[in-house]
Amino acid sequence: MNIFNKITLTFLVISTSIMGGLYSFYPIDGYSSTKIARLARLEKIANDTTQTLKLPNGALLPLNCIELQLTERKEDSVNAILTEDKAFAEKLKKVVPSGNYSLTVLDMTNPKELKYAEHKESIGYQPGSVGKLAVVTALFKQLHDICPESWDARTALLKNKVVRAGEWAIYDHHTVPVYDIENDKLVKRKVTTEDEFSLYEWLDHTVSVSNNGATNVVWREALLMAAFKDKYEYLTQEEIDTYFKDTPKKELTLLANKIVNEPLRDIGISKDEWRLGSFFTSGANKFVGDIGGSIGTPLGLMKYLVTLEQGNLIDENSSLEIKRLLYLTDRRIRYAYSSRIKDAAVYFKSGSLYSCDRSNGQSCGKYAGNVYNYMNSVAIVEHPNGKKYMVCLMTNVLRKNSAYDHMALASRIDEVINEEEI
1 MNIFNKITLT
11 FLVISTSIMG
21 GLYSFYPIDG
31 YSSTKIARLA
41 RLEKIANDTT
51 QTLKLPNGAL
61 LPLNCIELQL
71 TERKEDSVNA
81 ILTEDKAFAE
91 KLKKVVPSGN
101 YSLTVLDMTN
111 PKELKYAEHK
121 ESIGYQPGSV
131 GKLAVVTALF
141 KQLHDICPES
151 WDARTALLKN
161 KVVRAGEWAI
171 YDHHTVPVYD
181 IENDKLVKRK
191 VTTEDEFSLY
201 EWLDHTVSVS
211 NNGATNVVWR
221 EALLMAAFKD
231 KYEYLTQEEI
241 DTYFKDTPKK
251 ELTLLANKIV
261 NEPLRDIGIS
271 KDEWRLGSFF
281 TSGANKFVGD
291 IGGSIGTPLG
301 LMKYLVTLEQ
311 GNLIDENSSL
321 EIKRLLYLTD
331 RRIRYAYSSR
341 IKDAAVYFKS
351 GSLYSCDRSN
361 GQSCGKYAGN
371 VYNYMNSVAI
381 VEHPNGKKYM
391 VCLMTNVLRK
401 NSAYDHMALA
411 SRIDEVINEE
421 EI
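Following the UniProt record's numbering, the numbering of the sequence shown begins with 1 at its first residue and continues without gaps.
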């Protein structure tokens, strides 16, 4: 039996514990289609009978088992789908703590009978790294505009186009996994200005380890696609440097802002529901400025996830590929760390941003800010028992690391979902 068939069978019938490792995404049999180097390492371990992949069952789905869940509702408006089910909402609100907790939940176990609940869904929060989904979407939108008729041409560009980090990628404390396939050597280190990776790998670094510099590179490449159209594939570094040197900063700023926010507006997300106003590291500020600040709401994020699952985020191929990039294939944190969802497939992005003022005598620490303390999670959870749902959670609980609370709330929400009849 093929290793990935074994993995699928294991996912369906066996329960294992969550163990540590790289914080990674994308199905582990995806190397041949993406050339993301770290996937070659995971696939090698999976096929080696002398080694064990220390992964939860929910992380072991192969590519062909990842599907969009709402394609049969493709023609329905997002607003029609997000009509609150009063009974379902009442059950969920009982498990939500008091204070600055805002969330939306959609039970999509039965696409014909969706159940939706919301709580303080329109309150705005600084989205932190959850905002990187807008950058990922911008790149796929520009790829579509360059090659509207050919998905194969788009993925070929993602695999084969190698770009240099440059100043855009600095400075960020997050490391990225760099795997030397020939020598079977993995290192985790910070991105340097001289690093070169394919577009697929920059996307992977953006989502999997939430590297801020990688996100800037992805955003920059989307900007270049918008500026050069079908000439993008053949751009030289000299042409790129000349473009950023000679183009007025205001013009670059307007274009950069447009390409990340227009795809959100196109699917009915207003600027007050979700917008992105600035790059993620200071290195980009030499070239582009900020516009309007960044904000997110659980309602805006849920509109995004619904559109994704419908296959309407750009197009069906793009929607599915973005979902694959969100597939969590290793260490789980915050909301995704709940033991109740360890055997579920989880598609996940988390973000945090905090600020401390120690002059007022109040306690403060890492992920426990006393000025603001944002922690946000979006998660698609698909259980082996057929239960499938999506959650967008945003909080601002001061002076407390909310990671445990997110995990505990995830368990309570999962209990409510699993009490519902299939």
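Each hint should be verified, as a subset may be incorrect.
[Unchecked claim] Label pairs and their computed distance ranges (CB to CB):
#1 Val-187 - Arg-399: 35 to 43 Å
#2 Gln-51 - Arg-399: 27 to 35 Å
#3 Val-187 - Tyr-404: 45 to 53 Å
#4 Asp-246 - Thr-192: 38 to 46 Å
#5 Pro-111 - Leu-186: 36 to 44 Å
[Claimed, not checked] Cut-off 30 Å, straight-line C-alpha distance, at most; resulting in silico cross-link-like pairs (DSSO-like, lysine-lysine):
#6 Lys-258 - Lys-54
#7 Lys-161 - Lys-86
#8 Lys-245 - Lys-231
#9 Lys-86 - Lys-159
#10 Lys-54 - Lys-271
#11 Lys-120 - Lys-74
#12 Lys-323 - Lys-35
#13 Lys-245 - Lys-159
#14 Lys-271 - Lys-249
#15 Lys-387 - Lys-190
#16 Lys-44 - Lys-185
#17 Lys-366 - Lys-120
#18 Lys-190 - Lys-120
#19 Lys-249 - Lys-188
#20 Lys-159 - Lys-258
#21 Lys-35 - Lys-229
#22 Lys-286 - Lys-161
#23 Lys-120 - Lys-159
#24 Lys-231 - Lys-54
#25 Lys-74 - Lys-86
#26 Lys-94 - Lys-188
#27 Lys-286 - Lys-94
#28 Lys-190 - Lys-94
#29 Lys-86 - Lys-342
#30 Lys-387 - Lys-188
#31 Lys-366 - Lys-400
#32 Lys-159 - Lys-185
#33 Lys-366 - Lys-286
#34 Lys-112 - Lys-86
#35 Lys-231 - Lys-35
Derived by calculation from the structure, the hints in this document are not laboratory data.
Heads up, the beta-carbon is just placed ideally off N, CA and C, and yes, glycines get one too.
Hints and how they fare:
no.: 1; hint: Val-187 - Arg-399: 35 to 43 Å; in the structure: holds (36 Å)
no.: 2; hint: Gln-51 - Arg-399: 27 to 35 Å; in the structure: violated (43 Å)
no.: 3; hint: Val-187 - Tyr-404: 45 to 53 Å; in the structure: violated (31 Å)
no.: 4; hint: Asp-246 - Thr-192: 38 to 46 Å; in the structure: violated (26 Å)
no.: 5; hint: Pro-111 - Leu-186: 36 to 44 Å; in the structure: holds (40 Å)
no.: 6; hint: Lys-258 - Lys-54; in the structure: violated (42 Å)
no.: 7; hint: Lys-161 - Lys-86; in the structure: violated (49 Å)
no.: 8; hint: Lys-245 - Lys-231; in the structure: holds (19 Å)
no.: 9; hint: Lys-86 - Lys-159; in the structure: violated (46 Å)
no.: 10; hint: Lys-54 - Lys-271; in the structure: violated (42 Å)
no.: 11; hint: Lys-120 - Lys-74; in the structure: holds (27 Å)
no.: 12; hint: Lys-323 - Lys-35; in the structure: holds (17 Å)
no.: 13; hint: Lys-245 - Lys-159; in the structure: holds (28 Å)
no.: 14; hint: Lys-271 - Lys-249; in the structure: holds (23 Å)
no.: 15; hint: Lys-387 - Lys-190; in the structure: violated (38 Å)
no.: 16; hint: Lys-44 - Lys-185; in the structure: holds (12 Å)
no.: 17; hint: Lys-366 - Lys-120; in the structure: holds (26 Å)
no.: 18; hint: Lys-190 - Lys-120; in the structure: violated (38 Å)
no.: 19; hint: Lys-249 - Lys-188; in the structure: violated (34 Å)
no.: 20; hint: Lys-159 - Lys-258; in the structure: holds (26 Å)
no.: 21; hint: Lys-35 - Lys-229; in the structure: holds (24 Å)
no.: 22; hint: Lys-286 - Lys-161; in the structure: holds (24 Å)
no.: 23; hint: Lys-120 - Lys-159; in the structure: violated (41 Å)
no.: 24; hint: Lys-231 - Lys-54; in the structure: violated (44 Å)
no.: 25; hint: Lys-74 - Lys-86; in the structure: holds (24 Å)
no.: 26; hint: Lys-94 - Lys-188; in the structure: violated (42 Å)
no.: 27; hint: Lys-286 - Lys-94; in the structure: violated (48 Å)
no.: 28; hint: Lys-190 - Lys-94; in the structure: violated (43 Å)
no.: 29; hint: Lys-86 - Lys-342; in the structure: holds (29 Å)
no.: 30; hint: Lys-387 - Lys-188; in the structure: violated (36 Å)
no.: 31; hint: Lys-366 - Lys-400; in the structure: holds (9 Å)
no.: 32; hint: Lys-159 - Lys-185; in the structure: holds (21 Å)
no.: 33; hint: Lys-366 - Lys-286; in the structure: holds (28 Å)
no.: 34; hint: Lys-112 - Lys-86; in the structure: holds (17 Å)
no.: 35; hint: Lys-231 - Lys-35; in the structure: holds (23 Å)
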